[in-house]
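**Student:** Listed here are the chains, written in short residue letters.
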Amino acid sequence: MSSRRAPRGEYIETDTGNKVARKATLVGTQNIMLGGKTVIQPEVMIRGDLIRSIQSSTSSSAAGAPPNNTAVAIGRYCFLSRGACLRPPGRHYKGAFTYMPLRIGDHVFVGLGSVIQAASIGSHVHIGARVVVGEFAIIKDYVRVLDGTVVPPNMVVPSFTIIAGQPARVIGEVPEGGHEAFELRELYKTVGNNPHPAPS
Amino acid sequence: MAAPGGAPAIHRSVANIRSPPGPSSSSHHHHQPHHPSTPSRSVVVPSPNFGSPSSLRADEDVIVVDFGTRKLQVGFAGDAAPRGCVWFGPDQQRRVGDFRDWHPDYKYDWRQAAGMWGWGRDHELWQGGDVRGTDLGLIGDKIERALREGFTKYMLIDSRPRRMVCVFPSGLPIPMLSAALDSLFSRFQPPTISLLSSPVALSVGAGVRSALVVDLGWAETVITSVYEYREVKTTRSVRGVRYLVDQTHKLLAKHLPDGSAAKSTDGAEEEEYKLSFEECNDIATRMVWCKPSKAPAATQKAEGLETLVEQDESENSAPSAIQRPGRVEIPLRSCRPPTTLNLPWEELSEPCENAFFDSQYSRSGFDDHELPLDLLVYRSLLQLPLDVRALCMSRIIFTGGGTNVLGLRRRIFDDVSEIVRERGWEAVQGKAFDQMRANPKIKRKGARQATGGPTGVASPSAENQEADGVWHDAANTLPEVDPIEEQLKKGQDKRPRVQGQLRAIESIGAWSGASLITHLKASTVSTIDRDVWLQHGAAGASKAADVDQKSQRQSLGPGGLLRAANVGTSWTLGVWGTG
Amino acid sequence: MAPLPFSPYTFIQCPCSDSTLLARPADAKSPTGADAEEDERTFDPRAPRSNYSLYPLEYLLYCEDCHQIRCPRCVSEEIATYYCPSCLFEVPSSNLKSEGNRCTRSCFQCPICIGPLSVTTQETRHPDANLLSADNAATPHSGGFSLTCSYCHWSSTEIGVDFDKPNGIHAQLAKIRNGGESRLTAKERKERRKELSHRGDSAAAAAAREEIEEQVPDLENQFANLKSFYNSQLADPTAADNGLSTLGDLGFSSPSSLSRIMNLYTGGKISDNKAKSRLGAIREALTPEEGLLVANLDEAALISQLHQSEHCDTASMAQITSQPPNLGEPALHGASRFTSSLRPIPHLLRTKRSKRCPVCRHIISKPEPKVQTTRFRIRLVAGSYIPSISIKPLTLPGPSGSSSSNPSDLLISLKPVHYLLTFKNPIFETIKVTLATPAATPGRFPSKVTVLCPQFDIDANTDVWDEALKDNDRSDKSSRNSGGTTRQRRGTEAGYQLEVGKIWERGRNWVSIVVEVVPASLRLEDGGMLREDEDILEIPMFVRIEWEAENAGDDGGIVPGAGGKDKDQKEKRELAYWCVLGLGKIKQN
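Residue numbers (full-length UniProt numbering), protein chains in the order written: chain A, 1 to 200; chain B, 1 to 579; chain C, 1 to 589.
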């Protein structure tokens, strides 16, 4: 990690431990759910305004409950690097265009300048720099997406997979000993208004 | 490529062993290969107690592996096709966890690779011709990694030991075979490995017992005559697909704008490559084609070459196709700077012409190891005994990567037909001979009607044969009694076999042939037991290597690799006797 | 072309890479045993073979019973689950043999770009109607369905293939040739034939039969034809007593120069007359129905097709090699070069595997079998048993103040630099580490290497609870170059002098030591070329770890009867292996 000295107050730290850079652009914040301890670096953009315009009639929440307007849901200990963009995917559905929610699990790292339009991203996922994850892609747990990868729309990436290429293809499996490397707790501590140094 | 004939080098390839019999030491040991159908009683093969212990159980998976120079194919015995094919390449030679090939900023530096391995050599498992300087352990490593990929990615099998059937090119030098077996036995623990030669597997895969297998392979073109499931004779030429890629490079480099491939600072290398192997290989696969035979179609008809297979009217469309003018654009990325060539489409047949035929040179001017393919096929047939030739010429199997060159198979076939038409099956050439041939009386005398009425597609009419008797007579002569044929005649099947005319047939391929053989439980002779290999093979490793070599020289069949010590005694001892 | 960013790395050589050579008695003259002679030579990470035995730590497992590292090459694997990586459906193992290694539902990859294909209706109005929504599939479409690539927009209509139903694409595709012509699978052909023979000899049946046979048999059918032909030959009872002796004779007395690797006749023992004669009785196939196929050498039409093609109409090597074998066509030969001959690629299945130690057969890794679960029941990774090594350049703050140093900075030839190696002990015992490196790295460009402190102890790891408590404390202790001093530093702080034989820094379960390197000069006298990675300063290092372990029982109690009964007795253990440290990139002049 870079040893950049963060100016005071660069980040807004929430009660649940989220560290959101003041210079990040979060549109439609009411539709963005953060699980806690998530870092959002400057110049990140999250498009919470792109909400579902048609409620799914089959959805269980339809009965009585208020309409679920979550556009982007992010779990705990995620890390969105500078310039990353999270954008809910959209498509035609029963004759009309609608966005669908983008769901991200825990310990998900999104690299510099990557664009995510997936339907879902599991937990313990590392997405490198300048990656494009196409619309409605599904990335399961413990997946490593190398730098510069373009994940085509609708692609399903199973657990323990390393993908790369344009378009993405499976190039390897995450070895048994590689699970711990997805943990982002330590990385979380290294940013914010009172960053801890990176462990040696 | 070939080592000097007489001197038995330590790592001699079978290529040398099987080259035309000269005055070399092998002649008294070998039976004269010209009469393969007459068993020589003087050479006694050791008693056949080597019978393979393997009776393959149907419920047990047997793995069939077909080894090529650039790829290996794996699958289960009994399947029609391999489950997967793994290519050898630089990306496979990286450390595990090294994903640089996928990094957007990484560019494979083919110049560096060419500097280290030789242009394109990093795409090969082995350089078959020469064992010296070869890292045999590296071959073992490559095989292991490729096979592991095959198992994990394509066959989806665990690592329980399974029997293996391996198809090796028949000319593979023993040290490499040994390295491959070492790797297989120590890393995959198969209880047994059975060896098959690809020509035999191909014959079985074509439904024939005899065949002329024309393997337009990567490193070289190998022509093997198989007679009654046995390899009788092998001839080879360096004119393989690799050479075609070389020629493709030459063509493309010629068209590169000047200065675009600025010489590297060290211009000292004797062969300067301006384009990457990968790119040239790709273009050779995509764009290169083969011109049809120059022999005018009209002449062929008049001469009654209707005997040629599938020679219908559509053939005439070929010349018209090429007459169309046209240019083609080829994008090139590996030169500096990248460019797009625009060259006449016609020229894309040049690499094929130069690589396989070199027709601008006199046919007599070629060394044995670089014969043009038409001549090579002709000579291979010519050197066969009459009866074998008669069968083989009607069972030509084209195989190998070269078959993908559009028009090449037809070209070879037509050119061979043309040579046969010109010369007949006489080893002698010259004016006097031509005169003799021109004399119809002499000609008639030798002519004999084919014994069997052809039933095949390519059956020539009796008249045609008559008119064409010069070369058909020889082929149709059946001086030897073929025991199998005899037996079959006794048996239920009265149908004679197609013979005496040139005909090409299609095989399902070496892998599939091996799959079939294994599935039919036709036990192979050289089945090697793991324990024996690990003990005896190692104890005899010094010997085994030599012994293997001489055994292969004589026979990789009976005795095979393990009993080879009992086999030859005389001449090989001089070289390896101290071992 | 931007240079690849460099970051330091460690690779470990699994000790199994030697043992295969030792499995056979060493024999100097053995062609493959040649390396045995050089057993004691320094490990050269740059040798081509090294790439096959080096692994990042994450790829290594550890057997607690054998106390040994296990790598992907030496473990034995067992398959827990087969599944399709695209639809994530589990495939029963019984299906594998019959249905093959690919997904038989509707999961395909694009033959052009390898991206995923989706089933789409041929009305282009809803281009991204896809499998995610069941509703789409349910709505009836008259136009038929096709497979479309969401990345390069290739469509199966380009090869003339479309489908009647949106599901079961695999089965539908098996019956369609490129161009739309329907084909009979080998099974169907057989059934059809049988059916016709039952119907008697009506003219219609004969015509229908002819129709079946007229098609040039594709590979699958040719194989099936050959198989049934050979089987019928072998099964023929009249063949058994024919020409037996002749065959035996031929087989065994044939000149040895003629018999080669394989000889069908001599397969059995001589007493095994029946088998032999059966094989001998095989005649040749004579008709296409029996598997004999006369080659069609006429490729004039294809040549003129090539003439009319652009470069982009032909398939690249990459595209051709990723095609599965096309059983639905006769041998394609040159025709395979056209993109019009490419087929959608059914997804290869994947597996979940458990792994065993090859020696003691204990399981060392075992995933939950369910496809969607990522848990492991057992996962003994080497990282929990052997120390990890992290590398960073050590910059001594000079008079000029802070000089930032970056791992991606290039090293200057012949200018000494220092690296900090931090060894972290994962086990609950104190370990003694002994390092050995050659004074100069092997290869054409020897860099000088000095490990200032080749032997040291690392304190035991403490358990998770302790760690949690000490968490903050530890973070404070950790130092950064810019961060200044730490209490544990052994060097004299005033001058930042490096002392031979002293460790640089020590933490709870880690130790940092300093390595001094003098990067080689990358000049080649003969004007040759630098090979790939030769500019990377890589040092081979032999690591020996010694520790005393509680005898069986204390560390999880999974080893019944492995040690003595005396629990107090400590057992000496030792582990040694080569590793490779990639420190930095040397600047080329």
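These are calculated hints, taken from the structure and not from any lab test.
Take these hints with a grain of salt, some might be off.
[As the list claims (entries may be wrong)] The list that follows gives simulated cross-link-like pairs (lysine to aspartate or glutamate, EDC-like), each with its CA atoms no further than 20 Å apart:
no., chain 1, residue 1, chain 2, residue 2
1, C, Lys587, B, Glu347
2, C, Lys227, B, Asp61
3, C, Lys370, C, Glu77
4, B, Lys294, C, Glu77
5, C, Lys585, B, Asp98
6, C, Lys227, B, Asp98
7, B, Lys153, A, Glu180
8, B, Lys107, C, Glu534
9, B, Lys274, C, Glu532
10, C, Lys585, B, Asp101
**Student:** If a hint holds in the structure, say so; if it doesn't, say that too.
**Tutor:** Tested hints:
1. With a C-alpha separation of about 44 Å, the suggested pair C:Lys587 and B:Glu347 falls outside the 20 Å cut-off, and the hint is violated.
2. Taking the CA atoms of C:Lys227 and B:Asp61, the gap is near 18 Å; set against the 20 Å cutoff, the hint holds.
3. Pair hint C:Lys370 plus C:Glu77 holds up; C-alpha atoms about 17 Å apart against a cutoff of 20 Å.
4. Our distance criterion of 20 Å between C-alpha atoms is broken by B:Lys294 and C:Glu77, whose separation comes to about 58 Å.
5. For the hint pairing C:Lys585 with B:Asp98, the CA-to-CA distance comes to about 16 Å; that is within 20 Å, so the pair holds.
6. Our distance criterion of 20 Å between C-alpha atoms is broken by C:Lys227 and B:Asp98, whose separation comes to about 44 Å.
7. A distance of roughly 25 Å separates the Cα atoms of B:Lys153 and A:Glu180; the hinted pair therefore is violated under the 20 Å criterion.
8. This hinted pair checks out: B:Lys107 and C:Glu534 have alpha carbons roughly 16 Å apart, not beyond 20 Å.
9. Distance restraint check for B:Lys274 and C:Glu532: the Cα-Cα separation of roughly 18 Å lies within the 20 Å cut-off, and the hinted pair is therefore satisfied.
10. Between the alpha carbons of C:Lys585 and B:Asp101 the distance comes to roughly 18 Å, so the proposed pair stays at or under 20 Å and holds.
Hint check: violations occur at hints 1, 4, 6, 7; the rest are consistent with the structure.
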